[in-house]
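*Asks:* Taking the hints into account, I'd like the entire structure generated from these sequences.
These are the residues of each chain, in order.
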Amino acid sequence: MYQEEFLPVVFKVELRSERTFSVKKWQKIIDDIFCSYVDDISKNEECLIGHIKALAEIDKENFIKYSCINDSNHINSEVHCKQNNINKINMIINSLVSNISENESCQFLERSCLVAENAGDQINIEIVKNEKITIEKTHHHGEDEVCPICGEHHLHKD
Amino acid sequence: MIKNNRPEVILFTGFLGSGKTTMLLKTIEMASVYQKKCAIIINEIGEVGIDNRQMRMLGYDVLDLFGGCVCCTMKVTLEATINHLLENNDNLDYILFEPSGVADPLALYEAITNCGYAESDIQNIFIFDPTRIDFYQKHLKTLFWDSVNLANYVVINKIDEVSKERTEEAADMVASIKPGIKSFKMNLNNELTSEFSQHLMGKEVS
Ligand SMILES: Nc1nc2c(ncn2[C@@H]2O[C@H](COP(=O)(O)OP(=O)(O)O)[C@@H](O)[C@H]2O)c(=O)[nH]1
Ligand SMILES: [Mg+2]
Numbered sequence: 001m002y003q004e005e006f007l008p009v010v011f012k013v014e015l016r017s018e019r020t021f022s023v024k025k026w027q028k029i030i031d032d033i034f035c036s037y038v039d040d041i042s043k044n045e046e047c048l049i050g051h052i053k054a055l056a057e058i059d060k061e062n063f064i065k066y067s068c069i070n071d072s073n074h075i076n077s078e079v080h081c082k083q084n085n086i087n088k089i090n091m092i093i094n095s096l097v098s099n100i101s102e103n104e105s106c107q108f109l110e111r112s113c114l115v116a117e118n119a120g121d122q123i124n125i126e127i128v129k130n131e132k133i134t135i136e137k138t139h140h141h142g143e144d145e146v147c148p149i150c151g152e153h154h155l156h157k158d
Numbered sequence: 001m002i003k004n005n006r007p008e009v010i011l012f013t014g015f016l017g018s019g020k021t022t023m024l025l026k027t028i029e030m031a032s033v034y035q036k037k038c039a040i041i042i043n044e045i046g047e048v049g050i051d052n053r054q055m056r057m058l059g060y061d062v063l064d065l066f067g068g069c070v071c072c073t074m075k076v077t078l079e080a081t082i083n084h085l086l087e088n089n090d091n092l093d094y095i096l097f098e099p100s101g102v103a104d105p106l107a108l109y110e111a112i113t114n115c116g117y118a119e120s121d122i123q124n125i126f127i128f129d130p131t132r133i134d135f136y137q138k139h140l141k142t143l144f145w146d147s148v149n150l151a152n153y154v155v156i157n158k159i160d161e162v163s164k165e166r167t168e169e170a171a172d173m174v175a176s177i178k179p180g181i182k183s184f185k186m187n188l189n190n191e192l193t194s195e196f197s198q199h200l201m202g203k204e205v206s
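Note that the protein sequences, when read in sequence, are chains A and B. For the first sequence, UniProt numbering gives the first residue as 1, with consecutive numbering after it. For the second sequence, UniProt numbering gives the first residue as 1, with consecutive numbering after it.
Take the hints with a grain of salt, since some may be wrong.
[Claimed, not checked] Below, a list of computed lysine-lysine pairs in the DSSO-like style, where the Cα atoms sit at most 27 Å apart:
#1 A:LYS60 <-> B:LYS37
#2 B:LYS37 <-> A:LYS43
#3 A:LYS129 <-> B:LYS37
[What the hints assert, rightly or not] Far from chain B by the CB rule (all over 10 Å, computed), these chain A residues:
#4 ALA54
#5 ASN62
#6 SER67
#7 ASN118
Since the hints were made in silico from the structure, they are not lab data. For glycine and all other residues, C-beta sits at the position ideal for the given N, C-alpha and C.
*Replies:* Written out as C-alpha cells, the structure is:
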C-alpha cells in the first residue's frame, strides 16, 4: 500500500437547532457524530483511516476543529470560540480513508447524523454532498483550454 | 528576477494527521516573536481545504495552490505560487509550506529549485507522529524512508500521547535511516522548545 490510496471525500454539513445551545454542547453533539461515523468505518478491517478532519464554523472567526487518525476513542477537538450560545453550525469534513467509496462513507455519515437528530435535542442536520459543492471544486481552466499555469493542454485526470 | 535575499523556505512534511498544520501555526507564532515576516502556502488534497480556512479564520493570509485545483501537477502550481510570492513581496523572511500529507516529498524539491533556490536553502522538517509507528512500518515504509532522507531535521511530536519507550523507538527508526540527523521531541500543544526555536531561527536573532 502507498499513501495515494487515501482519496479525499468532502462533506458539508449544516447543523441547526430550534433553541440555542452552548458551544460545549455542540462540541459534544458533533463529537458523538464522529464517534459513530468512525466506528462504522472501523468495522471493515480493510478501511484504514488516514485522517478524518473537520472544521465546524460558528461564524467568521470562531470554530471547532476535529481530527481523528485512528479510532473513535481518539477524536481530538479544539475550540476556538469566544461566543457561547448558538443555534447553527456549518461544518466541512475531509475524510481520507482507504478502501471506502464516497457513497459508503456518506451512508455512514448520514446514519450517524440521524442518530444525533434522534437524540432528543431537536436538532436538524443536513449533509450537502460532494457533487453539490461547486464553488471551491472548480478547476481553474476548462477541459479544452490551455492551462494558465503551465501553458500546456492537459486533462484534469492527469 | 530573484533577489539575493530570498526568503528561506521551510517545508513541513509528514503523513496525514501527523501535526503539520499545528507545527506551522506554532512556527508563525514563534516567527512573530522574532519579528519575522512569513508567507504561508498550503496544499491540501480534498477540494475544500480545511487548514487554509482555519488559517484565514485565525487572521492569516494563506495561498492555497490555486484554489486547490487538483488537475495540474502540484509541481507546476507550486512553482508559480512561489514566483508570485517572490515578485510581490520585498520583505519576506520565510515561506512556510505545508504540502499535503500524501504528497511525495521528492516532487516538491524540483519546483522550489526551479524558482532559483538551492536545495540547501530549503529547511525540511519532517513531523513524525510516534502514535503511528506501527502504521508507518506496515504501510508507509517508502514514504518514511524518502521523508527522513530528505529532511534536515525531524520533530517527533505527540510525546504526551506515548510512552518514553515509544518516543525512543521513533527516534531510533529515524536514526537508522539517517544517522546523525537531529530529532526534536515535542508536545505541540505547548510552546515550541527554545532549543528548537533557536535551531530554526536562532542564527538570525537580532
Ligand atoms: N496531544 C498532541 N496532539 C497533537 C500534537 N501535535 C498535533 N496534535 C494534534 O494532532 C491532530 C492533527 O494535527 P494537524 O496539525 O491537523 O495534522 P496535519 O494533518 O499533519 O496538518 C490535531 O488534532 C492536533 O491538535 C502533539 O504534540 N500532542
Ligand atoms: Mg494539515
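*Asks:* Hint by hint, say whether it matches the structure.
*Replies:* Evaluated hints:
For the given pair, A:LYS60 sits about 24 Å from B:LYS37 by alpha-carbon distance, which is consistent with the 27 Å threshold. This hinted pair does not check out: B:LYS37 and A:LYS43 have alpha carbons roughly 47 Å apart, beyond 27 Å. Between A:LYS129 and B:LYS37, the direct Cα distance comes to roughly 39 Å. Violation of the 27 Å bound is thereby established for this hinted pair. Non-interface status of A:ALA54 relative to chain B is broken: a Cβ of that chain comes within 10 Å, the nearest being about 7 Å off.
Not every CB of chain B is more than 10 Å from the CB of A:ASN62 (nearest about 8 Å), against its label as outside the interface. Residue placement check: A:SER67 does not keep its beta carbon more than 10 Å from all beta carbons of chain B (closest about 6 Å). Here A:ASN118 stays apart from chain B, with its beta-carbon at least about 28 Å from theirs, past the 10 Å limit.
When the structure is compared with the earlier hints, violations turn up for hints 2, 3, 4, 5, 6 and for no others.
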